[in-house]
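Start from chain R and add chain G according to the hints.
Here is what each chain is made of, one letter per residue.
Protein chains: 2
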Amino acid sequence: MQSQSKRHPLSGFPEWLPPQRMIEQYVLDRLRTTFELYGFAPLETRAVEPLDQLLRKGETSNEVYVLRRLQAGNDPADDALGLHFDLTVPFARYVLENAGKLQFPFRRYQIQKAWRGERPQEGRYREFLQADIDVVDRDALPFHYEVEIPLIIGDALGSLPIPQIRIQVNNRKLCQGFYIGLGIPDPEAALRAVDKSDKISPAAVADLLVQTAGATEAQAKACLALAEISTEDTSFVDAVRALGVTDPLLDEGLDELVRIVEAAREHNPGLLVADLRIARGLDYYTGTVYETRLVGYERFGSICSGGRYDNLATSGSDRYPGVGISVGVSRMLGLLFGAGALSASRSVPTCVLVAVPDEETRTESDRVAAALRARGIPTEVSPSAAKFGKQIRYAERRGIPYVWFPGTEGSAGEVKDIRSGDQVIADAAAWTPPDDDLRVTVTGSAQTGLSG
Amino acid sequence: MQSQSKRHPLSGFPEWLPPQRMIEQYVLDRLRTTFELYGFAPLETRAVEPLDQLLRKGETSNEVYVLRRLQAGNDPADDALGLHFDLTVPFARYVLENAGKLQFPFRRYQIQKAWRGERPQEGRYREFLQADIDVVDRDALPFHYEVEIPLIIGDALGSLPIPQIRIQVNNRKLCQGFYIGLGIPDPEAALRAVDKSDKISPAAVADLLVQTAGATEAQAKACLALAEISTEDTSFVDAVRALGVTDPLLDEGLDELVRIVEAAREHNPGLLVADLRIARGLDYYTGTVYETRLVGYERFGSICSGGRYDNLATSGSDRYPGVGISVGVSRMLGLLFGAGALSASRSVPTCVLVAVPDEETRTESDRVAAALRARGIPTEVSPSAAKFGKQIRYAERRGIPYVWFPGTEGSAGEVKDIRSGDQVIADAAAWTPPDDDLRVTVTGSAQTGLSG
Chain R
1 MQSQSKRHPL
11 SGFPEWLPPQ
21 RMIEQYVLDR
31 LRTTFELYGF
41 APLETRAVEP
51 LDQLLRKGET
61 SNEVYVLRRL
71 QAGNDPADDA
81 LGLHFDLTVP
91 FARYVLENAG
101 KLQFPFRRYQ
111 IQKAWRGERP
121 QEGRYREFLQ
131 ADIDVVDRDA
141 LPFHYEVEIP
151 LIIGDALGSL
161 PIPQIRIQVN
171 NRKLCQGFYI
181 GLGIPDPEAA
191 LRAVDKSDKI
201 SPAAVADLLV
211 QTAGATEAQA
221 KACLALAEIS
231 TEDTSFVDAV
241 RALGVTDPLL
251 DEGLDELVRI
261 VEAAREHNPG
271 LLVADLRIAR
281 GLDYYTGTVY
291 ETRLVGYERF
301 GSICSGGRYD
311 NLATSGSDRY
321 PGVGISVGVS
331 RMLGLLFGAG
341 ALSASRSVPT
351 CVLVAVPDEE
361 TRTESDRVAA
371 ALRARGIPTE
381 VSPSAAKFGK
391 QIRYAERRGI
401 PYVWFPGTEG
411 SAGEVKDIRS
421 GDQVIADAAA
431 WTPPDDDLRV
441 TVTGSAQTGL
451 SG
Chain G
1 MQSQSKRHPL
11 SGFPEWLPPQ
21 RMIEQYVLDR
31 LRTTFELYGF
41 APLETRAVEP
51 LDQLLRKGET
61 SNEVYVLRRL
71 QAGNDPADDA
81 LGLHFDLTVP
91 FARYVLENAG
101 KLQFPFRRYQ
111 IQKAWRGERP
121 QEGRYREFLQ
131 ADIDVVDRDA
141 LPFHYEVEIP
151 LIIGDALGSL
161 PIPQIRIQVN
171 NRKLCQGFYI
181 GLGIPDPEAA
191 LRAVDKSDKI
201 SPAAVADLLV
211 QTAGATEAQA
221 KACLALAEIS
231 TEDTSFVDAV
241 RALGVTDPLL
251 DEGLDELVRI
261 VEAAREHNPG
271 LLVADLRIAR
281 GLDYYTGTVY
291 ETRLVGYERF
301 GSICSGGRYD
311 NLATSGSDRY
321 PGVGISVGVS
331 RMLGLLFGAG
341 ALSASRSVPT
351 CVLVAVPDEE
361 TRTESDRVAA
371 ALRARGIPTE
381 VSPSAAKFGK
391 QIRYAERRGI
401 PYVWFPGTEG
411 SAGEVKDIRS
421 GDQVIADAAA
431 WTPPDDDLRV
441 TVTGSAQTGL
451 SG
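Protein sequences, first through last, are from chains R and G. Be aware that the first sequence starts at 1, since it is given in the working numbering, and climbs by one per residue. Be aware that the second sequence starts at 1, since it is given in the working numbering, and climbs by one per residue.
Just so you know, these hints were derived from the structure itself, not from any lab. Please note that a few of the clues may not be correct.
One copy or any two copies: either way a pair holds, since identical chains are not told apart in the list.
[What the hints assert, rightly or not] Simulated crosslink set (DSSO-like; lysine-lysine; CA at most 30 Å straight-line):
1) 113 with 101
2) 390 with 101
3) 101 with 387
4) 221 with 390
5) 199 with 387
6) 390 with 199
7) 221 with 199
Bound-form chain R, shown alone (with noise of 0.2 Å):
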């Protein structure tokens, strides 16, 4: 066997050390809970998709990993496949694929890796974890499921430690009729250029409206002052109706907002925002769109978009439209790891160590560890046989709270605290830990819906 040199970490392939670990799979677990209550079935998709199917959004050709079998030859067909980028776009495919057996309206939530080749930086990954939940409908999907959505993730997120949470929404059809109204050549163009509000001035969004809409400064003008409106209620109806624009599809587009902003204000006063500068730049979305952004790190960027979208999942007369959103749970976590944000009252799972006091009698640390075990604690053994100083500093590395040493032939045992020193007599087919509960906290300034 060859020797293994040390490595060094792959930028933009981030992976957590045990304790951050445990804090993730915490984060998943309170995702996929809320998820399953408001029953959405899990899904995974394979990591591959074929390379045309992935370059089908001509603005992401140069984010895909492209495969290929190291003694290929006999197969060329695997030369067509890459890794998806994201989770929609394969959950597209797999409708269509399995439309015949799926239950429509379609619900799932799916928790899994994708990756782009984009060049590293905060918070951008090569490799990142992301949970996506989508309704998909046939034919027709109703406009309550987009009122949903935020709704979900207000809780899902809401019951994490994290610090609050704020979703900002908009329509797309609220703002394409805003432009139409408005007289604006290219109003696809407008879209993309407000989009732009996140990294260029003002000045700059106006520019680009005037050369790629083809606006007027007036139009150009009108533009940002819709894109300046931000209301937590619905007052931005009247906002917008002071620009003077009128076209059907602003009317419905307002409409709609105004829903969901009414159904957000009854389940969770705060959450939401009706924010017009927010357009999302991916082209397929067509009513309804979502950012998310955490109180107090909003420089984070949104950690959580998504919207509904009509043309995604389409094959000849079939049509699928969907509405989903997702988490960008490595970029929320390693920005929150980043900032110090995160702490976790444990690092492994271990709730109790089984001292041995010889290797003799490790079998009778063995039967007591079963014992806690067929009654849901979670325990390991001790690694040898040192002196208990030893071995109870080993439980403290470990970050285990509890050692438990076992009695000599017929006399009980007794379990001590190593935190507080407590130390008792017990009985390990009675005993319950009085607190081993995995507690995650946000620390620091950052500010918390909940402390976990």
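Same frame as chain R, but now just chain G:
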């Protein structure tokens, strides 16, 4: 937006339908619960490794998928990355890379996809899910971890709704010591020859022993005699002794195997058999080796394999010996699905569908759903205010057991078990479903340890 054409499945990249994925998720949850009960912490590694790392085991080089960014050029380092083909090699690399930050002995479980470019066949995929546990220590790893691993797997697989399992255990020292004591020139080659017993006839194995390991015909015959020994108790010792070979390494191997067989007989009688034919092809194993077969489905081959390795993670003078085992989740489920051996009582997480009398009162139905979810009952609201008969049929098709009919102003609602037809008056703030557990069962002629 372009329309999207229908797709066919990619051979070797399995995707489950939602009811199958429910079963897979259930299986993963149970595996995880057992692993955590034994104090294993969750871990994930990146999907990619440097190619030179993946190619250290020459025999697998033809299986590796190499990555390339579609628009490469500025970062040649990317060209040296491939997808991992198992979880052991990445884990060994992770341990070396993070040794200064880990506590030893380090126990982790890892449930992730792996990829191999092999020609697909029944139960052999190009993308597959593995569930691994490993314990590694610095410098030296106590033998008792080799005893613990099969007990954990017995508990983990025994908690699943699958046929009974049988773990076959052998010890590399036993075989190697036997070959050395016998005077075979190349004991390593002898191991590899015996490892082919599953695929070729005893006569062909004997030929291989002569040709590749330099054995005489008498020696080859003795090797075959050793490989035929298989006992549930420790009587294999006498059977080996009867072959008349002596060697210190053989004695060590016999002693270790005895300890494992005895511990397993106390913990879980019938779980384990000492089977001296088991060799494992990979050359990094140095002590105990494990394979696992489903009783009644032996034709599937091993669905869970592993062993002790002393030299997988080494760097200069640093050594991290380990022992681990890997459950082939996709392989096991793919074969059982293919045999029609598993079925689930539910195909969605949803327990209750709240009916919608008309769209004007959807908000009332939403409130009922929120009240049920607040008490942990997975609930969805009917997609449309169709006639109640149609809403009930929707629940039937989805596999949702209960339909809730909201009361009109002030009056209580009613809930119907659509399997029995029973309908009762109920309060959303208090009602709990009498029967909402997901049950997964082994069907057909398969015997099972447990119906989940």
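Tested hints:
In this homomeric assembly, residue 113 and residue 101 come within 30 Å of each other (Cα to Cα) both inside a single copy, at 25 Å, and across copies, at 25 Å. Taking identical chains as interchangeable, the C-alpha atoms of residue 390 and residue 101 lie at most 30 Å apart only when they sit on different chains, with a minimum of 19 Å there against 59 Å within one chain. Proximity of residue 101 to residue 387 under the C-alpha cut-off of 30 Å is restricted to the inter-copy arrangement: shortest distance 24 Å between copies versus 62 Å within a copy. In this assembly of identical chains, the alpha carbons of residue 221 and residue 390 never lie at most 30 Å apart, being 72 Å within a copy and 51 Å across copies at closest.
Taking the closest pair of Cα atoms, residue 199 and residue 387 never come within 30 Å of each other, the shortest separation being 61 Å inside a single copy and 50 Å across copies. In the homo-oligomer, the alpha carbons of residue 390 and residue 199 never lie at most 30 Å apart, since the shortest distance is 56 Å inside one protomer and 50 Å across protomers. In this homomeric assembly, residue 221 and residue 199 come within 30 Å of each other (Cα to Cα) only inside a single copy, at 18 Å, whereas the closest approach across copies is 76 Å.
Hint check: violations occur at hints 4, 5 and 6; the rest are consistent with the structure.
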